[in-house]
Every structure is written in C-alpha cells, then in structure tokens.
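Visitor: Each chain, letter by letter, is given below.
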Amino acid sequence: MEDTIAAISTPQGEGGIGVIRISGPGASDIIKEIFCPAGGKAIRELLPRHMYFGRITDNLTEAHKADNGCGGTDPAKHPLPALIDEAMVCYFPEPKSYTGEDVAEIQCHSSSVSLRKILSLVISKGARLAEPGEFTKRAFLNGRLDLSQAEAVMDLIKARTDKTYEVALDQLEGSFSRGIRAIRADLTDILVDMAVNIDYPDEDIEELTYEKLETGLRAAAGKIDRYLATCGTGKILREGLKVSIIGKPNVGKSSLLNALLREERAIVTEIAGTTRDTIEETLSIDGLPVILTDTAGIRDTDNVIEKIGVERSKDAFNHADLVIFTLDLSRPLDEEDLDIAEKLRGRKVIVFLNKEDMAEAVRRGEMQGITQENIAGLKELLPDAVFVEGSAREDRGLAELRDCIKNIVYTDRGESQSADIVTNVRHEKLLRDAKDSVTDAVALTESRQPLELIEIDVNTAYVSLGTIIGEETEGDIIDEVFRRFCLGK
Amino acid sequence: MENIFMGEYDIIVIGSGHAGCEAALASARMGHRTLMFSMNLEAIAMMPCNPSIGGTGKGHLVREIDALGGEMGVNIDKSFIQVRMLNTAKGPAVHSLRAQADKNLYHLEMKKTLEHTENLDLRQGEVTDIIVENGRACGVRTKTHTWYSAKAVILATGTFLKGKIFIGDAVYSGGPNGLASSEELGDNLRKLGIDLRRFKTGTPARCLGQSLDYGKMIPQSGDEPPVPFSFMDDQIGENKGLCWLSYTNEKTHDIIRQNFSRSALFGGQIEGIGPRYCPSIEDKVNRFADKARHQLFVEPEGLDTDEMYIQGMSSSLPEDVQQAFYSTIPGLENIRIVRPAYAIEYDCIDPQELKLNLEYRKIPGLFMAGQVNGSSGYEEAACQGLMAGINAVLSIEGRDPFILGRDEAYIGVLIDDLVTKGTNEPYRIMTSRAEYRLLLRQDNADQRLTEKSYRIGLATEERYQRTLAKKRSVEAEKVRLMNTWVDREKASEFLTAHGTTETEGRISLFDMLKRPQITYDDLSEVDGPDRPVLSYHERTGLEVEIKYEGYITKQLKQIERFKKLENRALPEDMDYENIEGLRIEARQKLSRVRPVNMGQASRISGVSPADINVLMVFLEKRRRERSLKR
Chain Y
1 MEDTIAAIST
11 PQGEGGIGVI
21 RISGPGASDI
31 IKEIFCPAGG
41 KAIRELLPRH
51 MYFGRITDNL
61 TEAHKADNGC
71 GGTDPAKHPL
81 PALIDEAMVC
91 YFPEPKSYTG
101 EDVAEIQCHS
111 SSVSLRKILS
121 LVISKGARLA
131 EPGEFTKRAF
141 LNGRLDLSQA
151 EAVMDLIKAR
161 TDKTYEVALD
171 QLEGSFSRGI
181 RAIRADLTDI
191 LVDMAVNIDY
201 PDEDIEELTY
211 EKLETGLRAA
221 AGKIDRYLAT
231 CGTGKILREG
241 LKVSIIGKPN
251 VGKSSLLNAL
261 LREERAIVTE
271 IAGTTRDTIE
281 ETLSIDGLPV
291 ILTDTAGIRD
301 TDNVIEKIGV
311 ERSKDAFNHA
321 DLVIFTLDLS
331 RPLDEEDLDI
341 AEKLRGRKVI
351 VFLNKEDMAE
361 AVRRGEMQGI
371 TQENIAGLKE
381 LLPDAVFVEG
391 SAREDRGLAE
401 LRDCIKNIVY
411 TDRGESQSAD
421 IVTNVRHEKL
431 LRDAKDSVTD
441 AVALTESRQP
451 LELIEIDVNT
461 AYVSLGTIIG
471 EETEGDIIDE
481 VFRRFCLGK
Chain X
1 MENIFMGEYD
11 IIVIGSGHAG
21 CEAALASARM
31 GHRTLMFSMN
41 LEAIAMMPCN
51 PSIGGTGKGH
61 LVREIDALGG
71 EMGVNIDKSF
81 IQVRMLNTAK
91 GPAVHSLRAQ
101 ADKNLYHLEM
111 KKTLEHTENL
121 DLRQGEVTDI
131 IVENGRACGV
141 RTKTHTWYSA
151 KAVILATGTF
161 LKGKIFIGDA
171 VYSGGPNGLA
181 SSEELGDNLR
191 KLGIDLRRFK
201 TGTPARCLGQ
211 SLDYGKMIPQ
221 SGDEPPVPFS
231 FMDDQIGENK
241 GLCWLSYTNE
251 KTHDIIRQNF
261 SRSALFGGQI
271 EGIGPRYCPS
281 IEDKVNRFAD
291 KARHQLFVEP
301 EGLDTDEMYI
311 QGMSSSLPED
321 VQQAFYSTIP
331 GLENIRIVRP
341 AYAIEYDCID
351 PQELKLNLEY
361 RKIPGLFMAG
371 QVNGSSGYEE
381 AACQGLMAGI
391 NAVLSIEGRD
401 PFILGRDEAY
411 IGVLIDDLVT
421 KGTNEPYRIM
431 TSRAEYRLLL
441 RQDNADQRLT
451 EKSYRIGLAT
461 EERYQRTLAK
471 KRSVEAEKVR
481 LMNTWVDREK
491 ASEFLTAHGT
501 TETEGRISLF
511 DMLKRPQITY
521 DDLSEVDGPD
531 RPVLSYHERT
541 GLEVEIKYEG
551 YITKQLKQIE
561 RFKKLENRAL
571 PEDMDYENIE
581 GLRIEARQKL
591 SRVRPVNMGQ
601 ASRISGVSPA
611 DINVLMVFLE
621 KRRRERSLKR
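Protein sequences, first through last, are from chains Y and X.
Residue numbers for the first sequence follow this note's numbering, so the first one is 1 and each next one is one higher.
Residue numbers for the second sequence follow this note's numbering, so the first one is 1 and each next one is one higher.
This is chain Y alone, in the form it adopts within the complex (with noise of 0.2 angstroms):
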C-alpha cells in the first residue's frame, strides 16, 4: 500500500555506528541491490532478522549478484566492486518489524559523509527519503505501537515538523529558492497563458502559439538543466571533495595536511615511509567539505605493512576528485618525481611546492633542489595543473592552497560560490522530476498536440518545483507532505 522510506535513524554527530533505515515493499529489494556479503555469496534471499556483514557498493553487476556472488571467492572472475562503506545489514520481514512493514537496517560507520553516501544510494534505488516521524507514524497505524504512545507521536510529528518548517523557512530565503521561484514564475506564465486561451477563447488576447509555448517551455527546460548541471558540484558539496595528497616520502605531505588541518594528527618525522596507512580527515574550507587523505608514498617497497599502505594510497588516489602533488623544493626533482607526474597527467592536480623558505638557497646555488627549469618542464608536463608555493612547516601560502581547492569545485563548473548549488538529494530528485515534465511538454508541443494535455505536463512541472519550496501541493498530500519537509528522521 505504502512506498518505501529511508532516513538516517542516528542522530547527527560523533559516534560509532551509523544506522540507515528502510521501510516499506521495497527494502529487501534495496539491499540486494546495494550490499555484497562478504564471503562473495550473492543473496537471493535475505534471512529474517539475520545479521549480514559486507560492503555497500554502488557498482554491484549482474556478475556479482548471479553465480557466485560478489567476487569474494573469484577475484580474478567478479573484481571486488567499489567499496563505499562496510556495513552489517539486517533485514525484518513484515509484520515482526518496527514499522511492521518490511525493513531493512544498515549499520555502518557514523561519519556523515558515508551515511549520507549510502542513504542517496539507497534512494537512487527507488526509496524516498522519510519525514520527520514518519516510521513511527507508520509503525503505529500498523499497530506496531501502544495506544497511549499515540500523543507522543503527534507531538513528535508536530514538534519535528516545525524544526523543519524553520528550516524550510531558511531556505526560503536564500537565492536558491528565488531561483525556484524564476522558473516557476515562467511556468506561471505558461500556465496562465494555457489558462486564458483555453477558457477565454472568444477574447481578444494573444494567441499562445505552439511557437511560443515551445520558446517558454524550452527556456524553463534551461534554467532546470542549470541547476541540475550544479547537482555534481551539490554532490561534492554533500558528500566532500576527495583530495589525495601525494608525492615521494618525506616531501612533507603530513605537515601539509597538519598544517590544513592545524593540528598534529599524523606522526611527522624525518623517516622516509612513516605514514605507513592513509590518514584521510575533513576539513571545511569556507563550508566546502574536503576529504583529505594523506598518503603513504607511492614507491616500490619491499616492505610488507608499508606496501599495504602503498595499495591504499594507490586507491585513494584512484578515487580522488583532485590530487595536490607535493614537491620538496630543497630536494633535486628525481626520477620518482617524474614517475608520479606521469601518474597525474590528465588528472585535476594542484602541484604544492613546499618548504619555499629554502627556494632562494637554491636559486644562489647554496644548495640543491627544484630549478626554475624543473618547474618550467613539470607546468609542460600538468599544462592544467595550479601551482601553488608554499612552507607547510611555516604556515605559509596556505590560504592561497585553499583558495585554490575551493576554485577547483566551483570555477570548473563555470559557477560562483553562490547558494544556488544543488546539494539536497530531494531536490535533485525533485529538479529531475520537473525536467522530464517539461521535456514531456516540449515533445507534446513538437507534435502539436492539444494544449489541455500539454498543461497536464506543464502543471505538473510547476507541482514538482513547487514541492521544492514548499509552496504547491500535489493532489496526493500525505505524500506531499512529506516531499515538503524532508531532513530525515
């Protein structure tokens, strides 16, 4: 009767365990989808209230689920898919569930980035994120809750509900919701055009041409793509940049890291090969999240821990949506330099000249280390790369590294740090919604079509925008309701 629902069911914050629920039809349906046990046997059907362990991924093939699973026992014949988060999994089959719907629970680590992760997976895949209340709203008109809980749960409703409204209310104010508020005032437009040529015929008004809705149609189409075009930035804004840095060890890549972050967290030393895991931290610059791993250096190696580091810094580097290459400008370029610039080609890279204090002995000739020429042929190397010089020891031309990997989220998506960046899942999804509505108008419009059936379209394109900002309501309003303030649990 119900859809399904998924929210994040921990509060926010520190803590160790992370859990996403999944109510309604569709939960088990979800999780085979997206979890690979470990152990590689696919799931064909998942045991009541069993306890799975494996991975989250969000690349699992037809391979995977069929035949012998997920790779675990065959490497070579289902490569591991993409790990997005390890997780235990538990599934409760109606009506023995807190919902008393089907409900699957994911457990995993609490951070936000990878809780969030795995809750716009899980809506990809046909959830839509709960409202505030909503699986205790459930859990109780499916009997699952005692009568005297039932004020407790309308107060919880309501008292959520205005948390959210406040929030809602926030938004409203910010430009991402005028921008809304443009599209739909072109939509008005239509709509109020549709409206007078249908039911005013006989009046001396301009005649909404097929040539003109379309010109409408197509310019509202446009500005919904500008902002759907955001939702990759939006995406990074919500789950964080993923910076690697790297470079040969010992070019100061902890202190770089230390120094962004400000604080000691790894062990610095002059040992070449200290940082022997990937050491990955968030930081926030100027509200951007930035996932930061500090590398083991890539180098051959024979020795076996610091090799395992040398593999995952292979894979965070692998993953990373922008690589800072730190050099050491005391220390001659060398051929190991060379062998990770070959690595970076055609990859976003920031290349930090660190300990700068010494380029000027250098320069003199008082000691060795990166040439004005070395750099010359590394700019011809990486033509796209951004070279920033700086002393993460000395605190100095940080903020310049940071102005940097901000411009790299924004200007390469042709936008300014402005609020009108798609970040929330239910507005993209939202966004989408109206697009193909739109789209659907156009083609209707193409092929000349009456117009009552291009404003089904149009209207409801102008719902879906709506919904958005909390300002139209769908025939359908429990549903829209719940669209309309939705922040999870």
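Calculated directly from the structure, the hints in this document are not laboratory data.
Nothing here was measured: the structure is a model prediction, and the numbers come from that model.
Don't be surprised by glycine CBs; every beta carbon is placed ideally from N, CA and C.
Some hints here could point you the wrong way.
[Stated by the list, open to error] Now the stretches of chain X that chain Y is said to cover, found in silico as 3 or more residues with beta-carbon under 8 angstroms:
id	region
1	390-396
2	428-441
[As the list claims (entries may be wrong)] SDA-like mimics (lysine to any residue), calculated; alpha carbons at most 20 angstroms apart, straight line:
id	chain 1	residue 1	chain 2	residue 2
3	X	K216	Y	N459
4	X	K554	Y	T439
5	X	K564	Y	L141
6	X	K90	Y	D193
7	X	K563	Y	D3
8	X	K90	Y	S447
9	X	K563	Y	E2
10	X	K143	X	R123
11	X	K557	Y	E2
12	X	K478	X	G405
13	X	K251	Y	D204
14	Y	K212	X	K557
15	X	K90	Y	H50
16	X	K621	Y	R144
17	X	K557	Y	N459
18	X	K90	Y	R144
19	X	K554	Y	S447
20	X	K291	Y	L208
21	X	K621	Y	N142
22	X	K291	Y	D193
Mind docking chain X on chain Y? Use the hints.
Guide: Chain X only, in chain Y's frame:
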C-alpha cells in the same frame, strides 16, 4: 400582528432565478411538495445580464445539469438564437458549447415547465423571514403577513438581497433589471446570525438594433447544424440570428478616462467586491491603459425584440458618459440606448459556512444556492440550485447527501472550491479549475452522472435508458472498429490523402482513428457496409475515447492517488479545538469548514500537511480506542 398560515410544504424555494428553478424542479420531480417564491413571476429564469448560456466551463456545467436531470440544457435547446462550439481548435476536453438565448422565450419556456410540473406550486410574493425552530429552518414568512411551513428551505436570492444599483453618482436600492430589491429578508437573515457580505457585478447598456450600422461590424454566425445542449435532444433546428463584433478606440478610452471621477467604481461608493474576470469598461481602460482597443460583441436579446446587448462594455458611469462613449464605437455612432448600464451590489454569504450538500451549517434545513453563495453566472447558479434541491430532498428523507467529487464533475469542483476554499470575489467556473479536465468533458457528462441521478430518483427512466444505449453502441462500435481491417494499399492511400503517413501492413479502423488527422466521419471512406448510424452524442463520445485513451488512462491513475485521501472520512463530531498537535490556525479552519474527508481537509488553506498527519494519527487512535471499548 398575527401571520396567516397559508400551507404546508416539504420544500420551499426562495427565488425563481436559475438556481431557484432547478432547485424547485428537482425537489418536485423527486416527489416532494414544493413551493417556489418569486418577487415577480415575470422574473422566472430571468437573464438580467448576457443573453447567453454556456461557454467554457459553463457549457460543461450545463451538460452536467442536463445529465443529472436538470432543466437548463433542455430549456436553452428550446430557446436558442444561435449555437457555437467554442475551442474546437483545441482538444475535445475543452470544447465548450455556448448558445445565444432568446431571453423572453427562455423565461417563458421555463415558466411553462414549472407550471406543468407535478408537486410544484409557484407563488408571487416576497419572503421576508425564515422561520427557525429548535435551530432548524421550518418555514417562511412573507411581506403579506402570511407564513408557510416546510421541512427544508432553499435560499436562492441571487442579487436581490439588499440590492443596490449604481449609475454614476446615483445610488439606490434595487434589484436587477429594474426590479425591486429584497430588503427585509437581508435584515432578518442577519438576525438569524448569518454573516453576510457584499459582492458586486454589473451589466452593459441595451440599445435598439435599428439604431446600429451593421455594415461597420463583423458578423458572427453559429455552427451549422447547431449542437444540442441536452442529451435528450438529437436535433434542435437552425440558427436564427447573428452576433456582431466591433472594437473600442482611443476616442472611447479618452471619454472614459476623462470621466473616471464620475464613476461609482472609482468614486468609492461601491464597497462590494467585483470579479476580476468580468471588469467594467472603465476598469479595463484603467487597468490596461496601453491596450489600444477592447473588443465587444453586439448580441440580440431575443427574436421578438429589437433590443441588443453590448457584451464586454459593462459600466457604472453616468448616462451621458455612457451615451458618449458607446457612440464612439464603429457601428454604434447613432446608438439609442433603451436600458443604461449599471453596477449592482448585493448581500451574499461566505460559502465556507456551508456543508458540501449546500446546507447552512448553523441552521439545519436551510440550504443555499446560486449568487447568494458568492458565485457568478447563470450556469453556476443553476447547478447549485439543482444540487441544493436534491440534497434538501435527501436530507428530509433521511438519506445520505449527494456530493459530487472533483474527479466526477465540474459541479463537484465548483462546490468544493466554494465550500472548502471559500471565495473573495464572485466565483466563476473555469476549465482550469478542474484537476481532471480530460475526464470531465462535456461529451461524457451523461456517462459520468446520469446513473447516479437515476439511482437517487431524479433522472428519468427514459434518460437512463438512453445513456445505457449510448454506452452499448459506443462499446459495440469500438469493438467493430478494432475488428475491421483495411488492406495496406487502400489504407495508405486514405491516410496520405488525410495528411498522415502510410501504413506498413493492414490496419484496423480503430488504429487509424487514433491518428490526430483522422476523424470518425473520415472513416466512412474506407468503412464497410456494416457501419452503423450513430447519433451526434455517440459519435463524439466514441471518437474522444479512442483518440485520448492513453491520456485518459494517465489521468485515471492520478485519480486513484487523489482518492486515497478522499476516501478517508472525517467524522462530523470531530472536536478539532481539542486535538493536541494541531496548529491553532488549523484548529480554527477545520472547525469552521468541518471537512468530510482528509482530502477536503487538505485543500483548506491554513491546514498544513503536518496537520493532516496529526489528524490521521488522531483518527487511528480514536478508532482503536473505540474498538477496545466494544
């Protein structure tokens, strides 16, 4: 002073306009002793404004009134001057029928029908009070010191209630078209605790046709043959007259502008709220200053009169100004005005005080219909009258009310809009107000509504059988079209001749008809000898169902979703004031409107989605509490 008892009725209808007539007929036809009051029997079914019935949305209402067994469609078929189907360039869902009416004939035909209806008495007289006992309406008093008892009373006072006429700086009490207003009733309704507010509307001047120069205007003719409004009529004869199109010009606008200050509208004398969609000419000139011209139609008021109606030019400017600006219009240079334009202000209620069956919530047994409910237009009034009549009958019989959903009829949309959302200006129906426009077509009103009306005892057996027959023949013809194949060569030749692409193999008539370029009539060129002769109503129904099948299915799905909330009933005894968790505004609004289901509740402005959630939980809690007690 003792009032004289003059009779006992089941239902008394106050007013004999379009709402009153339908209410009285419905009640009498459902077998109840009915009395209809009219201030003046010459005003029965009077058309004090435009001489036409139908138009966009309104035409749909007439078809629905007809399908339910009402009189308006039948009556206009008897009294039209010309008929046009509007919007034929667009799809069938918005095709709308409009007829120019012979006003006097319309009145006479309606009066004749009323006079010959069993169980129905007409009475000329002014009702001055509604008798309420034990909180229930149970009769009326008249100006002539008489009283009548009734089990239910239907108030359909139109614009008569405390009517006030404005022409320039002249302001006086009066009803429409030179008739007297009803003063005492307005005062007494207030004494009963009924909140009344002021709305206004207006009408243009009437002039003599002989004073016009038709050579300077553009003739507008009707469709041949004219399409009937009533499902009971297949043919209704020929068009009998023309309308004429002309335009205002800068000179017209100058005169109006120079005299703005002399308009009652701008002079501030009018407190009533007028409709935005029906502005007076001074309003148009004021608000659309950059528009170089406004169009107007000159329409005959009847076949037995030379009076012409000047559509689009209503005004409350003084008579000398009216004479001056009308004469600037091509064709109207020597205009001889016989009735000046005027604005009228009147009492009406806030329709949010009504239940969906049009009963006044605070006074059971008192039903209200038409302009007094804040609507505008003959058709809007008529459909409310019909519904009020039906529901008054059902209520005194102790039966369930007859409510049409927004997914079932424009009538449902109109009443739900009025009752649930209320209105701040005289309410006019528009097809754009309907969510499910593709399904609420004028060609399928009979299929949507006649059976319902038949079941409650209004639509006649004859009408019901006709509806069934249409359904059968449309279905049979659909099957025949699916099974009638045309070979590739013949079909391709036919299709390309009609501007569409050829076919790769043989093709059924059904599939050909799905193409936008092909009509059912076209198919006769390639059809076989077993092609049946279908009536107008059958042909249209068939064609629309086949051509728009896909979209119709889509809209039906939307309705299923809509129904989910609509099917969750809200008990009448809900004490919204004491439901924890509801916001204060929602408590007030819900207490006021008292919605019958969740869907209606969700449409009330000021009731948020969160409030709906709270309500759902509350109801479930209550249900369980009750089942525990049992």
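Visitor: Each hint needs a verdict: does it hold in this structure or not?
Guide: Going down the list of hints, with the structure as the test:
no.	hint	result
1	390-396	violated (count 0)
2	428-441	holds (count 6)
3	X/K216 with Y/N459	violated, 42 angstroms
4	X/K554 with Y/T439	holds, 17 angstroms
5	X/K564 with Y/L141	holds, 15 angstroms
6	X/K90 with Y/D193	holds, 14 angstroms
7	X/K563 with Y/D3	holds, 16 angstroms
8	X/K90 with Y/S447	holds, 13 angstroms
9	X/K563 with Y/E2	holds, 14 angstroms
10	X/K143 with X/R123	holds, 13 angstroms
11	X/K557 with Y/E2	holds, 16 angstroms
12	X/K478 with X/G405	violated, 28 angstroms
13	X/K251 with Y/D204	holds, 19 angstroms
14	Y/K212 with X/K557	violated, 30 angstroms
15	X/K90 with Y/H50	violated, 60 angstroms
16	X/K621 with Y/R144	holds, 12 angstroms
17	X/K557 with Y/N459	holds, 16 angstroms
18	X/K90 with Y/R144	violated, 53 angstroms
19	X/K554 with Y/S447	holds, 19 angstroms
20	X/K291 with Y/L208	holds, 18 angstroms
21	X/K621 with Y/N142	holds, 11 angstroms
22	X/K291 with Y/D193	holds, 17 angstroms
In this structure, the earlier hints numbered 1, 3, 12, 14, 15 and 18 are contradicted, and the remaining ones agree with it.
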